[in-house]
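Visitor: With these hints in hand, go ahead and build the complete structure from the sequences.
Number of protein chains: 2
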Amino acid sequence: MSTIFKIYRGFFKPLNISFLGPEGTFTHQAALRKFGNKCNFISAKTVEDIFKEVEKERVDYGVVPIENSMEGVVTYTIDMFLESNLKITSEILLEIHHYLLSKESSIKKIKKIYSHPQALAQCRKWLLSNLENVELIETESTTSAVKKAKKMKNTGAIGSEISSTIYKLPILVEKIEDFTENITRFLVIGNDSPKMTGKDKTSIIFSIKDKVGALYDSLYPFKEKGINLTRLESRPSKKRAWDYVFFVDFIGHKDEDKVQSALEELEKNCVFLKVLGSYPLENKEK
Amino acid sequence: MSTIFKIYRGFFKPLNISFLGPEGTFTHQAALRKFGNKCNFISAKTVEDIFKEVEKERVDYGVVPIENSMEGVVTYTIDMFLESNLKITSEILLEIHHYLLSKESSIKKIKKIYSHPQALAQCRKWLLSNLENVELIETESTTSAVKKAKKMKNTGAIGSEISSTIYKLPILVEKIEDFTENITRFLVIGNDSPKMTGKDKTSIIFSIKDKVGALYDSLYPFKEKGINLTRLESRPSKKRAWDYVFFVDFIGHKDEDKVQSALEELEKNCVFLKVLGSYPLENKEK
Numbered sequence: 001m002s003t004i005f006k007i008y009r010g011f012f013k014p015l016n017i018s019f020l021g022p023e024g025t026f027t028h029q030a031a032l033r034k035f036g037n038k039c040n041f042i043s044a045k046t047v048e049d050i051f052k053e054v055e056k057e058r059v060d061y062g063v064v065p066i067e068n069s070m071e072g073v074v075t076y077t078i079d080m081f082l083e084s085n086l087k088i089t090s091e092i093l094l095e096i097h098h099y100l101l102s103k104e105s106s107i108k109k110i111k112k113i114y115s116h117p118q119a120l121a122q123c124r125k126w127l128l129s130n131l132e133n134v135e136l137i138e139t140e141s142t143t144s145a146v147k148k149a150k151k152m153k154n155t156g157a158i159g160s161e162i163s164s165t166i167y168k169l170p171i172l173v174e175k176i177e178d179f180t181e182n183i184t185r186f187l188v189i190g191n192d193s194p195k196m197t198g199k200d201k202t203s204i205i206f207s208i209k210d211k212v213g214a215l216y217d218s219l220y221p222f223k224e225k226g227i228n229l230t231r232l233e234s235r236p237s238k239k240r241a242w243d244y245v246f247f248v249d250f251i252g253h254k255d256e257d258k259v260q261s262a263l264e265e266l267e268k269n270c271v272f273l274k275v276l277g278s279y280p281l282e283n284k285e286k
Numbered sequence: 001m002s003t004i005f006k007i008y009r010g011f012f013k014p015l016n017i018s019f020l021g022p023e024g025t026f027t028h029q030a031a032l033r034k035f036g037n038k039c040n041f042i043s044a045k046t047v048e049d050i051f052k053e054v055e056k057e058r059v060d061y062g063v064v065p066i067e068n069s070m071e072g073v074v075t076y077t078i079d080m081f082l083e084s085n086l087k088i089t090s091e092i093l094l095e096i097h098h099y100l101l102s103k104e105s106s107i108k109k110i111k112k113i114y115s116h117p118q119a120l121a122q123c124r125k126w127l128l129s130n131l132e133n134v135e136l137i138e139t140e141s142t143t144s145a146v147k148k149a150k151k152m153k154n155t156g157a158i159g160s161e162i163s164s165t166i167y168k169l170p171i172l173v174e175k176i177e178d179f180t181e182n183i184t185r186f187l188v189i190g191n192d193s194p195k196m197t198g199k200d201k202t203s204i205i206f207s208i209k210d211k212v213g214a215l216y217d218s219l220y221p222f223k224e225k226g227i228n229l230t231r232l233e234s235r236p237s238k239k240r241a242w243d244y245v246f247f248v249d250f251i252g253h254k255d256e257d258k259v260q261s262a263l264e265e266l267e268k269n270c271v272f273l274k275v276l277g278s279y280p281l282e283n284k285e286k
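First to last, the protein sequences are chains A and B. Going by the working numbering, the first sequence opens with residue 1, and the numbers climb by one from there. Going by the working numbering, the second sequence opens with residue 1, and the numbers climb by one from there.
Rather than coming from a laboratory, the hints here were simulated on the basis of the structure.
Within a straight-line C-alpha distance of at most 27 Å, the following computed DSS-like cross-link-like pairs (lysine-lysine) qualify: (1) B:Lys223 / B:Lys258; (2) B:Lys209 / A:Lys225; (3) B:Lys274 / B:Lys195; (4) A:Lys125 / B:Lys45; (5) A:Lys258 / B:Lys223; (6) A:Lys45 / B:Lys125; (7) B:Lys225 / A:Lys225; (8) B:Lys199 / A:Lys211; (9) B:Lys239 / A:Lys175; (10) B:Lys125 / A:Lys56; (11) B:Lys175 / A:Lys239; (12) A:Lys225 / B:Lys223; (13) B:Lys209 / A:Lys199; (14) A:Lys45 / B:Lys112.
Not everything, but these chain A residues come out facing chain B in the computed CB check (under 10 Å): (15) Ser69; (16) Asp79; (17) Glu181; (18) Asn182; (19) Lys211; (20) Val212; (21) Leu232; (22) Ser234; (23) Lys238; (24) Ala241; (25) Phe246.
If you want the footprint, here are the derived chain B segments under chain A, 3+ residues with CB under 8 Å: (26) 67-76; (27) 214-220; (28) 232-240.
Treat the numbers as computed from the prediction; the structure is a model and nothing was measured. By construction, the Cβ of each residue, glycine as well, lies at the ideal position given by its N, Cα and C atoms.
Guide: Listed below in structure tokens is the structure:
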């Protein structure tokens, strides 16, 4: 998906990309990195809205957060795949860095800081060592924090690098997050299926029969074919209490022989199985 | 743990139980069902506070939510077990029912309804069919909704049965939730280890080596001994990006021979393994 245009009645037309907004979020940043700035980016309010826009082909692709290396899976995204027939067409790995943005030219002038609770939590040690007596105020998004800090004196906001550019609020201190290796993984969803590149990942969902050793049996075909599972996540099926589905990622493409035969084997032990897509592996991941 | 007293310097002393507050939450309801009303119940603000209170032995037990049959695992609770050495001493399964509480005697008089977003979402269909044009207002907890509705005319709150009793606001309509089988599982945490009853469950955490088939190999001892896994959940280790730990529940007690030998086998394939506790199986679960 290196192209940023699609051919439409013989003309090139820029792609329309729906992302989890508002503008300046990490999802926006991930979408920009993947598609460049010549596409049309359309901010959506919820992950559900993004799925709908792509399903109805009002946009070409959607970009949604799926997992963070510290916080784990984004449950409201993963649950969307239960109902949807959209495909995963690529993944994006973005290192999460937090920036202190302010109109002030020195951190000595900062008396209060606005941000989303998660961003404040991820910078807690830095804030304690550098701005111990500053008032911390929670906002519903880092974007609304940036908008507030733009209007006020002696005020900072913790936000993304891109939000500094979009809302024209200068960066006062870079990368104030406490942990390194804070990476969020995003998925691009669409209606097409990328071809094999030789370095691919496949995502599937399945549910297993209720018997001793069922999960073990379902993993056997992968072990036997030497296919490496990179992720296993269980979620409630939402159909019956304590009934689960498993989301599994593994290295390989659905068109490879060994993957096909592993999936055929797996299907025998499953109540249901759905391939969410095969897509090029991003390298930053382990 | 049928006793509600402990012997202290020769006297019986009621148990102190810390629960996730405020008063009237489902966790409070679960704690009351487990321990009866002769214990001292102490409301805590966060799950972290409950773990601290039990670790420092300022209370005897803590009650925390761990999993809901529709929403999945409570990540902030499960992550606490990574650091803590507390034991799981029992589980509590509570069916979640929502009640419409109000000073009014008829739903025709209700013009607005307060509740937590999750409770509003779980009653959406009922609200649409019965109170279509009513204003819905989100609150930070069902308890604060109940307190608001107690002060206002033409107002309802969606809350628990127990909050009706505690805050003396009458029940106008019972069980207005859209889904049946909405069950939350709570854990009791403490410093002791219950003895085998013959119908027990054990919870463990482990992390596996980074190699093809590692998860499969780690499940083999359970399959071989005929031990039924009831739950498998993966969570970020919070040490390295994309490094996971697995939380597994299975049927059996850690003092049983077959469980001991399965755990010994498992340990050979693990980077680390911790037994969180063996405790009597509650029957409502599948």
